[in-house]
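As they're listed, the protein sequences go chains A and B.
FYI, UniProt numbering numbers position 97 of the first sequence as 97, with every residue one higher than the one before it.
FYI, UniProt numbering numbers position 160 of the second sequence as 160, with every residue one higher than the one before it.
Hints may contain errors.
In silico EDC-like pairs for lysine to aspartate or glutamate, Cα to Cα no more than 20 Å straight-line [unchecked claim]:
#1 B:K62 - A:E33
#2 A:K62 - B:E33
#3 B:K62 - A:E123
#4 A:K62 - A:D110
#5 B:K62 - B:E98
#6 B:K62 - B:D141
#7 B:K62 - B:E33
#8 A:K62 - B:E105
#9 B:K62 - B:D106
#10 A:K62 - A:E33
#11 B:K62 - B:E130
#12 A:K62 - A:E123
Just so you know, the hints here were simulated from the structure itself, not pulled from any lab data.
There are 2 protein chains.
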Amino acid sequence: MTSSPAEPQGLRERKKARTRAAIQRHALRLFRERGYAATTVDQIAAAAEISPSTFFRYFPTKEATVLYDALDPLMVEAALAQPAELSLMGALRATLREVYERMPEDAWQDERDRQLLVFNEPELRAPMLEQYGDGIDLLADLAARRVGRSATDFEVRNWAGAVVGVVLAAFYTAGGDPDRLLHSLDDAFAHLEAGLPL
Amino acid sequence: MTSSPAEPQGLRERKKARTRAAIQRHALRLFRERGYAATTVDQIAAAAEISPSTFFRYFPTKEATVLYDALDPLMVEAALAQPAELSLMGALRATLREVYERMPEDAWQDERDRQLLVFNEPELRAPMLEQYGDGIDLLADLAARRVGRSATDFEVRNWAGAVVGVVLAAFYTAGGDPDRLLHSLDDAFAHLEAGLPL
DNA sequence: AATATTTTGAGAGCTACTCTCATTTGGTAG
DNA sequence: CTACCAAATGAGAGTAGCTCTCAAAATATT
C-alpha cells in the first residue's frame, strides 16, 4: 500500500510530534531556569505531563533534548542546492548565509538559547563534539559531489576535517553566541580558503 | 624546567602511584576481556583489591581510566624543544615523529589497545573528542610562541582548529589503529601545509 | 462494534557517582 | 617505643540516568 508522502498524517503521528515538541520545550525551559544538572528527567516528564518512561521513548538521553539540531537538515538541503559555478568554499559560505537568513526570528532565539546552554554546561560539550564528528562525513559528502571525487578520498576527508575543526574553534571563540559565531565563521572560511597563512 | 627525577618519594606516594596503576591496568584488562559497558566499577575495584569508593578517589569517572593520555605531556615538551629554524608545521611533524619513535614497545602496545578501545566503544568517543577540544588551546599556544603572535589571535586559533580537525578526521579514517594514524597524520599535515587543495 | 496494533504508565532493577563517618595506616615528634 | 596528627580507606546510604517488563489505554482497521 502506497501512502501519501508527507503532510499531516494520521492523528497518531501528529500527537507524537506534539508530545515530542512539548518535552523538548519544557526541557529547555527548565534547563534555562534551574540549570541543566539540577533538572531531572522526572521533572521534565512531570512538566510535559507524561510518565518518565515515556520520556525515554521520545529521547534516548537527557542530552538529546538539547542536542537535536534542527538546522542540520536545512544546511544539507541548502548546500546541495547551491549553483555549480560557486567554488566549494563559496558554496559553503553561501549555504551558511542562506540558512541563517531564512530562519524566522523565534527559531533564531531558540538557537541562541540552545547554543548558550551547550557552551555553559560542560556535560553537554562532549556530546556536541560527537555531532561535530559526524559533521565530517556530511561535509566530505558535500565536497565529494562538488569536486567530483570520492567521499572516502583522503584529501576530501582531510578538507572536511579541517572545516569542522575551524568551526569548532570558532564556536569556542564565540563563547556560545550564535551571532558572533556566524560572523567568525565567514572569516574562518576565508582564512581556510587562503590556505591558513599565519 | 621540571624534568625532575621525581624518584624516591615517601612510602605513601609510592603506594598511591602503585594503586593508581593497578586500577588502570585491571580496568583496561577487564574492558578488553568483557567489553567496556559490561565491566562495572565494582568489578574493577574488586580486581584491584580496593573498595568501590576508593576507585572514585583515584579516577573521577570510569572513562578516565581509559582516557588519560600519557602522550600529551610528552608532546608538549617535545614541541617546545623543536629548533627555531623549523616551520610551524615542520615542528609539528617533527614532534610527532620524535615522540612516537622514543616510545618503548610496551607503551606502544598499550597505546594501541587504548585507541582501539576508544574507537570501538561509542561511549568513549564523546569524552575523547572533548580532549581534542582542549587540544585547540594547546596548539594555539604552541603556534603563538612560534610565530610570535597572541594565543587568542583569531588566525592562530583558526589554524589550531584546522589542525585538530584534521587529526580528528585521520583518527576516524585510521579506525583506531595508531600505526595507520601515524602515517595518515604526516600526509594530513602535508596537505594542510599546502593549503588543502582539492 | 469487534479486533488488531501502537502507545503509555507503573514499577522494579542496574549502575555510575556522591557524601558521610568511623577506622586504619603512614609520617613524625617527644 | 609511644603518642599523636594527617591522610587514605571502607562501609553504607542516597541520587539520578537509563533499561526492561507487563498490563492498561488509545488509536487504527475491518
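Taking the hints in turn, this is what the structure says about them:
In summary, the hint linking B:K62 to A:E33 is not supported, as the alpha carbons are separated by about 30 Å, beyond the 20 Å threshold. Only pairs whose Cα atoms come within 20 Å are accepted, and A:K62 paired with B:E33 is rejected, the gap being roughly 30 Å. Simply put, B:K62 and A:E123 have alpha-carbon atoms about 15 Å apart, close enough for the 20 Å limit, and the pair holds. Proposed proximity of A:K62 and A:D110 is supported: the alpha carbons are some 18 Å apart, at most 20 Å.
This hinted pair does not check out: B:K62 and B:E98 have alpha carbons roughly 31 Å apart, beyond 20 Å. For the suggested pair B:K62 and B:D141, the alpha carbons sit about 30 Å apart, so the restraint of at most 20 Å is broken. Between B:K62 and B:E33 the CA atoms are separated by roughly 16 Å; this keeps the pair inside 20 Å, and the hint holds. Proximity of A:K62 to B:E105 is assessed by CA-CA distance (about 42 Å); at most 20 Å being required, the pair is judged violated.
In summary, the hint linking B:K62 to B:D106 is not supported, as the alpha carbons are separated by about 23 Å, beyond the 20 Å threshold. Between A:K62 and A:E33 the alpha-carbon distance is near 16 Å, which keeps this suggested pair within the 20 Å criterion. Restraint check for B:K62 and B:E130: the C-alpha separation of about 15 Å stays at or below 20 Å, so the hint holds. Restraint check for A:K62 and A:E123: satisfied, since their Cα atoms lie roughly 11 Å apart, inside the 20 Å limit.
Hint violations for this structure: numbers 1, 2, 5, 6, 8, 9, all remaining hints satisfied.
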